[in-house]
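Asks: Chain B: place on chain A using the hints.
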Amino acid sequence: MKVLGTDLGGGSDSTSVIISYETVQRYRRSFGSSSAFFQALARGVFLGASCQTCSRTFFPPREYCPDDLGVTALFELTGSGTVAAATRVHTASPLGGIDAPYVLAIVRLDGVDGSITHRILGDQVPEAGVRVSATYLGDELMHPLLRVAFQIQDNS
Amino acid sequence: MTGAPLVVGIGMTAFSGLQSDKSLTDLVVDAARQALLDAGTGTANVDMGIASYESDHFNQSVSLGTLWHDAIGLVGKPVVRVEGGGASGAVALQTAKAAIESGAARSVLIFGGETNGKSVDRATANEILAMSADFEWEMPLFGTFAAPYALMITEHMRRYGTTAEQFAHVAVKNRREALSNPLAHKGMLISINDVLNSTPLADPYRLLDASLLSDGAAAVLIATDDWAREHASTFGQRPPVMFVGSGSSTDHPRLADRRPENLAHFSAKRQAAERAYKSAGITNPLTEIDIAEVYDSFSGAEIQAYEDLGFCAAGDGGPAAAASRFDRGGQIPVNTSGGLLGRGSAVGATGLAQAFEIVSQLRGEVHEERAVPGARVGITDTHSGAGALCAVNVFRRAA
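So the sequences go chain by chain: A and B.
Residues 1 to 156 (my numbering) make up the first sequence, in order.
Residues 1 to 399 (my numbering) make up the second sequence, in order.
With the rest of the complex left out, here is chain A (with noise of 0.2 angstroms):
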């Protein structure tokens, strides 16, 4: 932390002593059980998980079922999915790596039980139903997710 100054009062907007300081926070973060999924991801490799029990399906992969509590054993999905809604984001994420404005989206993934939110590509808002297919993109300094995004399908 680190002190940028103390207004002792009297000034515009207040009588009360007002000190302004700033910090500078690092973290380092584990993303735990998820890891083989980013892995995976940053092979471009799309995956989900299955109960080793029931056979339900899981996006985002779970480590464990909670249905039957039973193990999930991961497997590899198209990438491709179909939009459920959409919208134009006009303020980009305050951890970097998207201009904005951007399309956002939920896509029901294909072969699994489960959707994910995310960018599609290009100016067009799609309506509900228009498929789309995973592309890999490819930077070490953004956060994992983002090394994926989705494009609307030619035949669309």
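Don't read these hints as lab results, they were simulated from the structure.
Just so you know, even glycine gets a beta-carbon here, dropped at the ideal spot from N, CA and C.
One or more of the hints may lead you astray.
As the list claims (entries may be wrong) - Per the computed footprint, the stretches of chain A lying under chain B, defined by three or more beta-carbons under 8 angstroms from a beta-carbon of chain B, are:
1) 19–31
2) 111–118
To be verified - Computed footprint of chain B on chain A; a stretch qualifies when at least three of its residues, placed anywhere within it, have a C-beta under 8 angstroms from a C-beta of chain B:
3) 42–50
4) 63–73
5) 137–148
Replies: Okay, now just chain B, sitting in the frame of chain A:
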């Protein structure tokens, strides 16, 4: 105890963009002191404190519960901090109700506050608010929390034909109501066109569809009937207001994990309302509820709440808003305080500020300009995130 807990005292500071002459602790102590004075009692008679705040980051402190408890004068008594995002204050009230109904306490002072206004710059505020989203799966995609709300209302528009003009009506209504609330952050007389032409956030939402970030605090003192008779000198001077029902529930925090049929709605709000109504003995909310404070974090969220709280059928919220069915003078006046759009939102205090408005209305203590004469039953509705945790509380004035 016999019967539901009584609301024996309420207090609230003004909500504003920057309370530079008050620290956050000052605000909370002001609100708590008002609640104790309103009840006609003192700190010595309070059994327990409950602190409500959402973020450890806006005020950069991780121990505000005990600091506030001490500053109010409650040292030596138990305190617990409750965090439930935007529902924090409402869940804190529910925790207090449970403590009283279990016999663990006869009186509980609930106090909450937040400095969401201008304690940090806009970029820092965006960083802190972004922490409400899942870091691994959503946060990198959300510029602001307008994004998930926009996706939900987009689906509502697709499914039911709801229009931007219809939810702009809510933005106009609530800012107008705030003009007659002296504690409101920012009342405004605006038009639907003003809303539709304001800065875009995430389509279809625009700046005037979004709620305010405020500095402020609120407090509520609840107690058993016998405690009130023994310790609250104002008891008997006005119709008692009882805290007769509460319910909460959860939905998947990540929007993408929700069932497709739930995307246009706050499904947890439906469950919370059903539980609250059942505990309060309400079978027909439209005819039995006289007034409501609803979580209008975005204008369209109020329309969705009309439906999920059972005030109208699914899909009828937009036309109902445009027809002023839930304006003052309508079937159920909603957000007479101005709501989050006009009174503002100091997150940890919001559910308590809603209770302040409802209890004030049921007592007949608000300015006649925004009064709902004869109101006997009122509810509050809050949620965290984009409806991950929903909490509904029901208050009833004794005859």
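Asks: Take the hints in turn and mark each one as holding or not.
Replies: Okay, the hints, checked on the actual structure:
no.	hint	result
1	19–31	holds (count 3)
2	111–118	holds (count 5)
3	42–50	violated (count 0)
4	63–73	violated (count 0)
5	137–148	holds (count 4)
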